[in-house]
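A.B. asks: Residue numbers (this note's numbering), protein chains in the order written: chain A, 976 to 1402; chain B, 976 to 1402; chain C, 976 to 1402; chain D, 976 to 1402.
Source of the hints: derived by calculation from the structure; they are not laboratory data.
DSS-like, lysine-lysine: derived pairs with alpha carbons at most 25 Å apart: (1) K1396(B) / K1115(A); (2) K1128(D) / K1147(D); (3) K995(A) / K1004(C); (4) K1396(D) / K1115(C); (5) K1369(B) / K1004(D); (6) K1009(D) / K1382(B); (7) K1004(A) / K988(C); (8) K1396(D) / K1125(C); (9) K1083(A) / K1143(A); (10) K992(A) / K1004(C); (11) K1142(B) / K1221(B); (12) K1014(C) / K1004(C); (13) K1009(C) / K995(A); (14) K1008(A) / K1004(C); (15) K1004(B) / K988(D); (16) K1004(D) / K1004(B); (17) K1369(D) / K992(D); (18) K1004(B) / K995(D); (19) K1221(A) / K1287(A); (20) K988(B) / K1014(B); (21) K992(B) / K995(D); (22) K992(C) / K1009(A); (23) K1008(C) / K992(A).
To list a few chain D residues with every Cβ distance to chain B over 10 Å, as calculated: (24) P1079; (25) A1090; (26) F1104; (27) I1138; (28) R1166; (29) P1220; (30) L1286; (31) R1291.
Derived coverage of chain B by chain A (criterion: at least 3 residues anywhere in the stretch with Cβ under 8 Å from a Cβ of chain A; other residues may be distant): (32) 1034-1044; (33) 1100-1106; (34) 1190-1201; (35) 1254-1260.
As the structure is a prediction and not an experimental result, all values here were calculated from the model.
C-beta: ideal position from N, C-alpha, C; glycine also.
Number of protein chains: 4
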Amino acid sequence: MNISKDQISSQNKSLLKSHKDDLDFLREKLSGKKIDAEKIITDLAAFQVAIPSWALGAGGTRFGRFSIGGEPRTLEEKLDDIGILHALTRSAGAISLHIPWDIPKDTKAIKERAASHGIAFDAMNSNTFQDQAGQQHSYKFGSLCHTDNKTRKQAVDHNIEVIGCGKKLGSKSLTVWLADGSNFPGQNNFRVALLNVLDSLKEIYKALPTDWKMFIEYKCYEPNFYSSVIPDWGTSFTLANELGPKAFTLVDLGHHLPNANIEQVVSTLMTFGKLGGFHFNDSKYGDDDLTVGSIKPYQLFLIFQELVWGLKNNARNNPSPAWMIDASHNVKDPLEDLLQSLEAIKIAYAQALLADQERLAEAQQNNDPAMAQEVLQEAFRTDVRPLLHEARVKSSAAIDPIGLFRKLEIRRQLIKERGQKTVATGL
Amino acid sequence: MNISKDQISSQNKSLLKSHKDDLDFLREKLSGKKIDAEKIITDLAAFQVAIPSWALGAGGTRFGRFSIGGEPRTLEEKLDDIGILHALTRSAGAISLHIPWDIPKDTKAIKERAASHGIAFDAMNSNTFQDQAGQQHSYKFGSLCHTDNKTRKQAVDHNIEVIGCGKKLGSKSLTVWLADGSNFPGQNNFRVALLNVLDSLKEIYKALPTDWKMFIEYKCYEPNFYSSVIPDWGTSFTLANELGPKAFTLVDLGHHLPNANIEQVVSTLMTFGKLGGFHFNDSKYGDDDLTVGSIKPYQLFLIFQELVWGLKNNARNNPSPAWMIDASHNVKDPLEDLLQSLEAIKIAYAQALLADQERLAEAQQNNDPAMAQEVLQEAFRTDVRPLLHEARVKSSAAIDPIGLFRKLEIRRQLIKERGQKTVATGL
Amino acid sequence: MNISKDQISSQNKSLLKSHKDDLDFLREKLSGKKIDAEKIITDLAAFQVAIPSWALGAGGTRFGRFSIGGEPRTLEEKLDDIGILHALTRSAGAISLHIPWDIPKDTKAIKERAASHGIAFDAMNSNTFQDQAGQQHSYKFGSLCHTDNKTRKQAVDHNIEVIGCGKKLGSKSLTVWLADGSNFPGQNNFRVALLNVLDSLKEIYKALPTDWKMFIEYKCYEPNFYSSVIPDWGTSFTLANELGPKAFTLVDLGHHLPNANIEQVVSTLMTFGKLGGFHFNDSKYGDDDLTVGSIKPYQLFLIFQELVWGLKNNARNNPSPAWMIDASHNVKDPLEDLLQSLEAIKIAYAQALLADQERLAEAQQNNDPAMAQEVLQEAFRTDVRPLLHEARVKSSAAIDPIGLFRKLEIRRQLIKERGQKTVATGL
Amino acid sequence: MNISKDQISSQNKSLLKSHKDDLDFLREKLSGKKIDAEKIITDLAAFQVAIPSWALGAGGTRFGRFSIGGEPRTLEEKLDDIGILHALTRSAGAISLHIPWDIPKDTKAIKERAASHGIAFDAMNSNTFQDQAGQQHSYKFGSLCHTDNKTRKQAVDHNIEVIGCGKKLGSKSLTVWLADGSNFPGQNNFRVALLNVLDSLKEIYKALPTDWKMFIEYKCYEPNFYSSVIPDWGTSFTLANELGPKAFTLVDLGHHLPNANIEQVVSTLMTFGKLGGFHFNDSKYGDDDLTVGSIKPYQLFLIFQELVWGLKNNARNNPSPAWMIDASHNVKDPLEDLLQSLEAIKIAYAQALLADQERLAEAQQNNDPAMAQEVLQEAFRTDVRPLLHEARVKSSAAIDPIGLFRKLEIRRQLIKERGQKTVATGL
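Bound-form chain A, shown alone (with noise of 0.2 Å):
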């Protein structure tokens, strides 16, 4: 199942009139303000996000799942739908792979169909909150921190295989994120799960090639209901200053405690150069796993505001973070699910690129918060959309990506190929 450029440049040619008022009328708005429309236009085409290859098929929650039908069945299927999501964008240009869920059997062939859609592969993924059959030591109470080092050793052996499989397909970076913790009061020492964490952390460490990262994510809760050996970004940024400079934090929009000012942790973690990667979604209570900017908006783009500034304000040489959606798919088609998000931020980082940074740091020099307001919500409520469009025009893609996949019936056709009933791995 592939979209050609025909299919593409066709429903393009029927928006392109429409299309190019709105951008002119945009265009010279934007110049009324000395703002360089085409450097976003530019930014926006070169800005690419991977999609975690267990976000293609229908989520569920532990009271059931509801299939969504045509959901891929192999590693080369789950290529095969990023595939559609870039041609319809340009902006899904990586898959972020699981191990053990896609281990390649023939790695030449992967990434031969990885390189045909044009996708590159972004961080490998290790799973030490499951047990797979035949394991030897269960990860029931803990992986990386578990009590006893036989289970430990098991989990940093995991982990190693990991950057082994990365290594043949020229992915650069790890993401460890542990499940581990106590779901009571005394389950867990905390100080000795703690430091099991680090010194398992450092034996992976040591496995890392030179030009790759690790990045560490944290969460507050869930899978378990009491603690997590990492809840929070202090943790996280604690454990990675102990590892050394490949190591770094990964913020999940997800994994906050109600009110959290994520946008405040980003500055931070910038601030101290240890911001290493992004996983997208949104969310109203927990990790709800929603599509990006389908609750909160107005954080995803006071966020990117902060990402924005921070490269440019870069003193402590952050390496630009590693972005990828992680969001689930319980009623949507995920793809659908996933073209939205996209487009969220998209959208986020083109306002946070036309923000007025003088005026704004203007108003902040002044203690101003009125007009720094203005200024922020100057940006926000512009409507950035034909930003988007063109660069997704000049990017060969979609003017309207959405319309075009209800139009060409991509899921009744990936249900015809694959069937209805099908589950793809992951969550």
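With the hints as your guide, set chains B, C and D onto chain A.
C.D. replies: The following block gives chains B, C and D in isolation, referenced to the frame of chain A:
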């Protein structure tokens, strides 16, 4: 797998001397405060908590599930497990069934087996949050709230079947927990969804026998992450009022937004005579379904304080609520977890029974919050465990249920009987 | 201190060309979607939001307060401040008074002054959360809920006086916000407190003129930190139902527990015809009373979506709610803060007015959450500001109210007139 | 107003028989479990908690304040109030001063008065969250973070003066709590604000005597409602690491986001040797500053469990933290409130001291969460009050401090001495 009276009395014998000392000491202390220990012991012995049929196996999360071994494979084995709990405590004398998981093949045999354990049939639970094999209409987008009236009718019919099933077993109530809701703004029309639920409940209510009650559960989120159709007590209460005198609100301790004052909700519902049922568990973040009393034992006591006071000052004839434990057991042995929950419930109940209501009322009347706190904490800080032990001794149950459970190696025997890899139906 | 029509038209003149271009472009876009821009502009121009008399000075916290200077010292000056807001926006045509802070010495003169600014008298607010000099009974332990009936009577009488005061001014509603509650478990008997409030409200209700409404506000906490007597919409709604058809619930956006779905509360109240009033503000943590739209503008839009839809589909004859801004201005100039709030409210209202309700209803009926989101976000992402500008142009208000406010150096003049160290009565 | 030894011993005499019975019973129980009651009693008697000078009067909220009467008007009277607490409990042997509220006029006289009560001078507190009369630069927009370096310098100088003041009195530590932050997105540049604070703290750190410690407090929000410059332990810890070995993090129980696992934060800080101080209070919603143990006594116990274990397993030489109560007393008599707080702290401490660390460690090693919970709850459910009573008897303090406080009608006498309408400096 049964526990004999001999096994219990033999353990009790070894603990009796120490128990009697503790009891005598406490009895004297209480008597000095004009508190009748015998009355409390009698109340404790009479207090029965239903065990849900789905809480006897290992629970899990969307990230995975780790087997415990020896989990009950059939309704018969579920009854046997509760039989163990009841033999050890004489407090677990009821089961709450979940349909379609627990449809008896031979009703008479099931009733006899339950009777042999001393177990009654408490509230029946319907399931419209999962699709069953061969089901015509999917509940992916709701059941009683569904936009399609055929799906609503199917869900209504299911509930009516559940009533029918319960009638045969001797149950007297139906609990309706709805997963219905939405994951995204706009997905549902709130009003349409709410009025559809009301209409559907009216249909079910019509089928309710005159001596039955309907319990309407509320939950703020999960498995839907933007809205639930019945998110809070206010909605459940409004529905119950619209339905009539047999409809009541059911409170589950884990179904509230952060920081909610649950004891006040309990009081408000009893003030208007509409508190129908109670699902006990504990939580730190969301609907964590942890062991009762493992996180916030003081909150549990405060809730029991409202229950005890409300049932004694019962102007609106609130019925005695249906008590049930609704927890999930991801890392503990489910039977041990339930034993700990039963203990925590009875401790809180005993503390509430010995709180000095007269002095409390006086402090309240005088606006003396320091004294009100003294009264409540005096009760909470009292070590009431000897009263629980005595209630069990008098009922031929075990003084130390968990100790005996471990000593008799019951889990090992269950695994031997049933196997290591059994999976109980349930969550 | 008045703003003249000339000052406004002179500023508008300089912005008119650019505004007309924007408006023409947007009008054409909307017309392509069969949306009648003129209708929206008319609705926007008609929409009036009351300004509370206590929100015109600098606010503070328990940790301190920093003066802004030029704050209004009298009711006359408060009217003048709102006169400035109304001249700039033609959207702030009402004041909400707080008694005893705002008792007019000369009712006739006050009415004339208000009329000269085009300002009506919206809901009257009573104050039983502070003790006034010479007050016989203290509200330290509550007012309408108090255990002492003399204190309750004093609070009831005060509310009746507030009604009397409002009758003279032409107000048609009374807002009751109760600080009543408790700081500690046991301090209050929940039921006694609730029934006392109900009894007290019945007394006040009796004194309510036939063409008046009573708005019952709820708040989960603060200034009490364990319980509020009216903590949630369910309690307020129950009280309103007990009182009768003139009693309604009032929603303040900052009075909810973390993560509450406020738009759903709005929908539920309108479903039963009981949404009476609205206090706009924004918040991140608690009742932060920040500028409307400064934190969660999408939530604000979703709320307006419910309001717009609910008033168009008004089976239970919910009255048009009383709109008011209830914010605190700790670091911004209060008048600028209110101008930003008015702008945010109207933006959300305009977005809701142009949401495609038909396509939304279709997506809902088809259980197509992706499309429902597209519809809502299409509206939200539209830059509707030209519609607001045009509504103001047509009302002889300022295209750029904050810009003009700054250009005319109004705060500087107010300070010159009134002094630097004035303190407005209020919070 | 002093309490004489005779008054105390006379009350104790009347309670001694009953106390001895309780103690004997408990001692025997503990001895059966190989727990040395005497050791716990000694530890309890030695445990001293500082009382902040600002917590001796009635607290308030932004909505108002209700006087209690007899509040201390001077530093001398504050010392006298703590003298009462210390006489009654022998646990309140330190005061924590707040500058500029508590600048001694006659240092020698103040030291003598403190010594006469047995009171030491604990951590000094600076105040840069309010403007003082005649202050040159305002803290409205921050202090150590301010964009203007003159304001920063003024705040730095103030802190250095506070150190100077403390040196004269014999204090050995400075607590820095910063209200610095922002109310709106964009108001602050997060990075600039953070680095300004770091620079300012470095200046203060330079002025710190070699035997002093600096405690850096964090708080997620209030009085700022969008961001705090030091919002969480991670930021405070990072600052402390940048500053050096004399800098530590201070934990205030009320300064966390909802659902935070504070006991884990305590453990993490001790793991790295950086837990410097502790502010005790309790809360349900935000920084409610309620009586310690009045809402979540089990959490308090779990925190003490970490403290006790951490100080016994102190690989990184974490100093013994500075203990202080930081609560607000809006409806209780402040002295009664503090007596209840002291009692709750010591109960939690005693429970932690008798927790069976060996069995707990074994359960943790074996991944036996049910048993770990049994161990912790065994300690928590034990009625340890006889141990507290005995520690007081041995220290010539009152068995029943609140009872004696009321019997002696101390508040009545304070009002007689000081008047009804006094207002203590403070919050």
